[in-house]
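Trainee: Given chain A's structure and the hints, the job is docking chain B onto it.
Here is what each chain is made of, one letter per residue.
There are 2 protein chains.
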Amino acid sequence: MTDYPEAIAITEEGPREGFQIERGPIPSAEKVRLVDALSTTGLTAIQVCSFVAPKLVPGWADAEAVAAGFAPRPGIAYSALWFNEAGFDRARAFADRLTLRGGLSMVASEAFMQKNLNRDRAKGLAAARRQTALHLAAGIPVSRIGVMAAFGCNFSGDVPVAAVLEAVQDGLDIAAEAGTRITGLSLADTMGWASPAQVERLVGAVRARWPELALRLHLHDTRGLGIANAHAALRLGVAQFDSTVGGLGGCPFAGEDGAPGNIATEELVLLCEELGIATGVDLDALIEVGHLAERIIGRRLPSAALRGGSLRRLRQRAAAG
Amino acid sequence: MTDYPEAIAITEEGPREGFQIERGPIPSAEKVRLVDALSTTGLTAIQVCSFVAPKLVPGWADAEAVAAGFAPRPGIAYSALWFNEAGFDRARAFADRLTLRGGLSMVASEAFMQKNLNRDRAKGLAAARRQTALHLAAGIPVSRIGVMAAFGCNFSGDVPVAAVLEAVQDGLDIAAEAGTRITGLSLADTMGWASPAQVERLVGAVRARWPELALRLHLHDTRGLGIANAHAALRLGVAQFDSTVGGLGGCPFAGEDGAPGNIATEELVLLCEELGIATGVDLDALIEVGHLAERIIGRRLPSAALRGGSLRRLRQRAAAG
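Chains A and B, in that order, are what the protein sequence lines are.
End of the first sequence sits at 307 in my numbering; the numbers just go up one at a time, nothing left out.
End of the second sequence sits at 307 in my numbering; the numbers just go up one at a time, nothing left out.
Hints were generated in silico from the structure; no laboratory data involved.
Each hint should be verified, as a subset may be incorrect.
What the hints assert, rightly or not - Partner residues are not named here, just some residues of chain B that face chain A (Cβ under 10 Å, in silico):
(1) 212
(2) 220
(3) 290
(4) 302
The structure displayed is predicted, hence computed values, not measured ones.
Where is the CB? At the ideal position from N, CA and C, for every residue including glycine.
Looking at chain A on its own, in the form it has when it is part of the complex (with noise of 0.2 Å):
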């Protein structure tokens, strides 16, 4: 038995993943014309930059010339990231061009969130109060709650279902101290640990406890099972899945360099289109753009669909005689 969504949701997040770990230095004009073209493949919702610490991440030194710089299509949400009050006061400055949510930033792993954020639990959470306090008094929603590390973790092994769901918990008792619905959950799978047996059992446990909150997936393919993992997730009628053009992006937490990162946009498209899923994107389109942000990076980007290309043209071909 399958209870595949009739349509699905797809945040495309190439450009901000991708160049946030691609050596560069990049041009803003180039990014800025991924982020364009993304926008003529039926995409709906783009994260187009990340306001963060140029120090961090040099990358993204020039997050205000791509934000101030894409043509906005109408009908498409276009967001970006931020960690912290400098990040959010840049993002603020492009309020008229870009979509701005706050999230419930919360980290299943507490070993991870020492090693990458250098905060113990209390101190995460009181983060978490701190940023929904300043996102709300700004007037800006905060309806969704962000699980990182959700499946497994390279510092502390397997991350048990119950850390799931406590940090969950904590998110929701700090949307309710702060007077906020929460209506949507992202899991994501920062390390790569997710199998298709781990999305079945996370996503069954969320749902019975919450079957109110709309749930989005975060999935990366660092050891080649994120399409299965998709496709479990389609099967349980998940709805909602973020990736990356071309699997742009990476894992700084891999073994090894040139991990792939993000599942690819491409390669989620393609199997929604094969089991009747609406995605309302053109593949034969974003196909062109992943081979676009393959010639902004200098180099060939992980997703097999780019270099297979996609089974409509050959249908049609065929068809064609």
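Mentor: For chain B alone, kept in the frame of chain A given last:
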């Protein structure tokens, strides 16, 4: 509901698939080195070479040197590929080292047979009859049918399930005429058209008609769905798979040079480990052999698991603190 097998049997086809498509020339000693390294990983079936016309496949002009050069290990079945009497005669010279088996090679798309083999259906059936007679006369068992292009064809488009069933029936008829019993059926996604839904449809239809045949899948990862397809088959209890270390090989029919070929053995093994399905393979050892394969061919292979590494090693490290 899932019907995962307790264990699967993998046939490693990396040497045969890889060296037939790499530009080379690759020294025979390096090919032997790869076969010998694979023999230490726990794999129990390795296809070592292809006895094909050197003019057509220059990469296997040295099939004899490889067949004579590797060091056979007890418990491992080493096999080879051939397509005609000349190839069979070459393979028979190594009957003491290779496990020789005849198969009935069928094609589910006549358009593919025409383009790839320059044969129509009648000629294809005649060739299968000749091969069967040839093998049986030499005392070589013929117990398996293989169907190429079982999921789709770049020349004719989607391949109907009925066309696959017809190809299998043709093979069974030829076997019956020749007085040999078929016990296994291999379905090949030669051009990378399979989706999880198509795997479910085809496996279901074949099983309903011939529940006595043991199913094997030969999956390609041309468009990134290969491991999701393997997972769909595992859910249905399919317990035999072909794959190649690192994803060695390629797809001469893909839209672009460098398209992935077979699913990568280490991704399949990793998937099985996470699902609790035994493979007998030491994943960390196999990943080392994948890196050896990359050094031999002089480029990176498409397997994500080669970049991301095994989870077992990370679990051990996390447990050690």
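Trainee: Each hint should be assessed against the structure and marked as holding or not.
Mentor: Against the structure, the hints:
A hinted interface residue such as residue 212(B) counts as satisfied when its beta carbon comes closer than 10 Å to some beta carbon of chain A; here the least separation is about 8 Å, so the hint holds. Taken as an interface hint, residue 220(B) checks out: its beta carbon lies about 9 Å from the nearest beta carbon of chain A, inside 10 Å. Because the closest C-beta pair between residue 290(B) and chain A is about 4 Å apart, less than 10 Å, the hint holds. A distance limit of 10 Å between C-beta atoms decides the matter here; for residue 302(B) the minimum to chain A is near 9 Å, and the interface restraint holds.
In this structure, none of the earlier numbered hints is contradicted; all agree with it.
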